[in-house]
Amino acid sequence: MRGERDVIPPGTLEMLILTTLASGPAKHGFEVAESILSVSDDVLQVEEGSLYPALQRMLLKGWIRGDWGKTEENRRARFYRLTAEGRKQLEREVERYRRVARAIARVLATA
Amino acid sequence: MGLSEWGRRLARIFDRDREAAGLAEEMRLHVELRARQLQERGLAPEEAGYAARRRFGNPLAVHDSSAGVWGWNTWERLVQDFSHALRSLSKTPGFTAIAVATLAAGLGMNTAVFSVVNAVMLRRLPYPNPGRLVSLWEEQIKPDRENFNSSGTQAGTAGSLLRTTVSVANIADYAGSGAFAAVASYDRQAANLTGLGTPERIAGEAVTAGFFEVLGVAPVLGRTFTADDDRPGAPLVVVLTHDFWMERLGGDPEALGREVMLDGAPYRVVGVLPARFRSPLQVAYAEDAAEFFVPAAYPKSQLAARGDHDVNVVARLRPGITVAAAQAALETVSAALQKQFPPTNGNFRAVIAPLADDLVHKASGPLWILLAASGLIVLITCVNMADLMLVRAVRRRHESSVRMALGAGRSGLVRQYLAESLVIAAGGCAAGIAVGLVLMKELVAMAPSETPRLAEVSMDWRVFGVAAAVATLTGLAFGLVPAWQASRAQAAEALKTAARGSGTKSQARWRAALTTAEISLSLMLLVGAGLLLRSFMVAMGVDLGFRTERVLAMKIKLPELRYKTADARFAFFRELEERVKPLPGVEAVAFANRMPMRGGWSTGVSVDTAPDQQLDVAAQAISTGYFDTLEIPLLRGRFFTAGDGADAPPVAIVNREFARRYMQDRDPVARRIQRGTNWCRIVGEVNDIRRRGKLDRITPQVYFPAAQTAQYPVLLADLAVRTAGDPRRLVNAIQRQVWALDPDQPVTDVHTMEEIVGELVAENRFEMVLLLVFAGVAVLLATTGMFGVLSYLVSQRTSELGIRVALGASPWRIVMLVLRQAGTWIATGLGLGVAGALALTYYLQALLFQVKRTDPWSYAGAVALLTAVSVAAALIPARRGAKVDPLTALRYE
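Protein chains in written order, with this note's numbering: chain S, -8 to 102; chain Z, 145 to 1037.
Incorrect hints may have been included.
One-sided and incomplete, this derived list gives chain S residues near chain Z with beta-carbon spacing under 8 Å [as the list claims (entries may be wrong)]:
no.: 1; residue: Ala17
no.: 2; residue: Gly20
no.: 3; residue: Phe21
no.: 4; residue: Glu39
no.: 5; residue: Gly40
no.: 6; residue: Tyr43
no.: 7; residue: Pro44
no.: 8; residue: Arg66
no.: 9; residue: Arg67
no.: 10; residue: Arg69
Derived from the structure by calculation, the hints contain no laboratory data. Just so it is clear, CB atoms sit at the ideal spot from N, CA and C, and this is done for glycine as well.
Bound-form chain S, shown alone (with noise of 0.2 Å):
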């Protein structure tokens, strides 16, 4: 009925969330989780479970912050959005996501 949908491998939804926040308006919880599904051509799947603990985690850390608004059916949401530290986490965990990419690229391409 629906494609194959992979989990969001560890270690890298703070990566997505951060993703997904750096551009567009501030989104809420269920935005950030159908935004990396839709983005991702509908291949990964946030754990939903995972979703809430993780942006709890990134407030503390001070890499996004959220502000409570109104969603078009005017209810009550917290809208997330990336600071200027948050930016900067996202580059470096891009960069050491190429890294990593590029790395186990060439073990296969060995193969």
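Start from chain S and add chain Z according to the hints.
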């Protein structure tokens, strides 16, 4: 973790309710939006809601782990666990009271024993930087080869049996080893105090000039000694203790410069010591009441006599030098002295040990054993508590399984059990310290008075710390078994069986193992107590060899200044004897240097058949009435008579052991022994006595007539009187006769021989009584444990037993059925216990008198007693099992 992050974390505890509400709202929105999305994709509204919730997972868990990020969960859960534990414990006050009481008993004993151990062995000595103080003594390298003279009271007891006090002449050489910053020597010195009320003999010490500097003690008034004071012929000066100053001089602020009459000579007071000052001898002997300190001022002759070992030495290590390095330096010095002075130093070496170790050495063995025994009690308490907790866990299986079915995590259940255990442990700890305080006072009152530092026993932070640590550890230990049990439970299975209120097989196994452990631990304590009891009874049955009933002894130490010659002292005692003899109620009178059990010393002699061989034997100078007064039987020859006077040929009497060991068990009469340059003819052989009390070995002994003491000077000091009635009634009459002869002469150490025997016995009774009490408590705990487990098992097997009865099993068979199960545990426990006891009693051997640590009677007695008691405990539930009514039992099912 950055500062700002901590700030955000902190903000979340202060605002945690709002934060939690916000989080919940976010999650609710998420699920709603998901449900709407699914509904839009065609799912029925109800189904969409389920699907959204399924996909989101357990919202409580998500909330918990999200809020867990804040880092305050653990703390909050802890508070929750403990308040829950408190609530559930208060719902079962009976259980809680029993648990806390059991723990308080075990911990109380342990705390009391530890407070004594702490004061005696662990607390620092009352001197600045005490770790740098060492005790120095001399040891013979080979025993019995060389004759030497030794006197003085050993302050410490560490080291080998060949230990002696130090020769004053050698001290300068040891000080020159470079290992010490300062060295001082000291010894007991009593004196007759006159001029301040009734004449009294008081205890003091003779110390070298550096004594107080080595210890690091400054006087509160005046000064201590200088090198000028510490010289023969220097003006007589004295430093007083605070007690002397306060009690005898009324705290006179003008005390400095006053004169105090000691042994008839005026001593000028130059200093007063602080109130809490205790000399090393006082630390080592709690009953030592030194009140004054005088300069040792060793005479030239003593400073030259390397063969006389008379004093104790304390030294402060030079900074940076370890005990081992100092010992190495001393070995070099000893080796040089051995070469330089072979006759006196050839067989000696100097040894040091930390002062603290040396002073408390004699008490450490028994105390460690008591501590170990009280540790066993804690272990048994712990096992008993684990058992109690298991019973409780079984009763609460239903609660646990419901909680589990409702989604409580395993770790939650484990935490809850542990929290309950810890709450009980905390209560037990507080109650245990209270019990410990009471027991500690009892212990101190009961302990032998010669235990070092007994007066310092109190509870301090270390005692409290250990009590808290032991309580926490036991709490964790006895909480762990039921917690582990609970965590293994399967919710569904537990719900099924919970209704019947029975436990699982594994729980029964656990409880059986705990009971077995209790029995084995109790057996170890019982064997230890039994061995001490046997040893005590053997010691009680020992014949001292002399009479103690209705014999009164007292010390009359004549000051040498007034009674300058041995003849003058002898004349005083002769005169006193003549005055006391006709007093009504007096049967016999004797005097000697020391009566039995009141000290004494040994001397070097040789026998005519082997004049080169020096023998170290106990020597006493005695009056003619000595053997008659103490009723020591004559075996051969004759007693001393008035004819053995100062001008008569020197004579001696030996004991049976002397003849046996040194004269090939042949008749010693008419043989000769040499002491110094005197040859004495042996005129008699008397029966052996145990001079130092019931635990003393029988040693070779020589008696010389007091009338001939000028030839081999021995200071006369003790008077003994055998009476017809109560000896105590004669004390005043005898004292009056002493004062009629010399109004300044005090009489001290007035005791009946029976009192002294009682005191010596008390020393051994201490460990025995304690171990007996420990063993009793252990047996009580073990049997109640046994009783509890069996009762539980019988109630669990009610239906089975009912069926058996219905099928015609006789009550006897049912009883045997239950007993057989108990028998396995008892037998296993006893086996393990015997093995443990065989291993542990190794440490008890030193306390045993003429009883081997493998003494079969003690083991058999302990095994028999424990078997009887535990079988009796098992019989009650077994009989209940036999009385099961088959109908009720089946209906119960």
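Now for the hints, and whether the structure bears them out:
1. Ala17: 14 Å, violated
2. Gly20: For Gly20 (chain S), the interface hint holds, since the closest Cβ of chain Z sits about 5 Å away, which is under 8 Å.
3. Phe21: 4 Å, holds
4. Glu39: OK, holds: Glu39 (chain S) within 8 Å of chain Z, min 5 Å.
5. Gly40: 4 Å, holds
6. Tyr43: Constraint on Tyr43 (chain S) satisfied, holds at 4 Å.
7. Pro44: Holds, about 5 Å.
8. Arg66: Arg66 (chain S) check passes; min Cβ-Cβ to chain Z is 6 Å, inside 8 Å.
9. Arg67: Holds: closest Cβ of chain Z sits about 6 Å from Arg67 (chain S), inside 8 Å.
10. Arg69: 5 Å, holds
Checked against the numbered hints above, the structure violates only hint 1.
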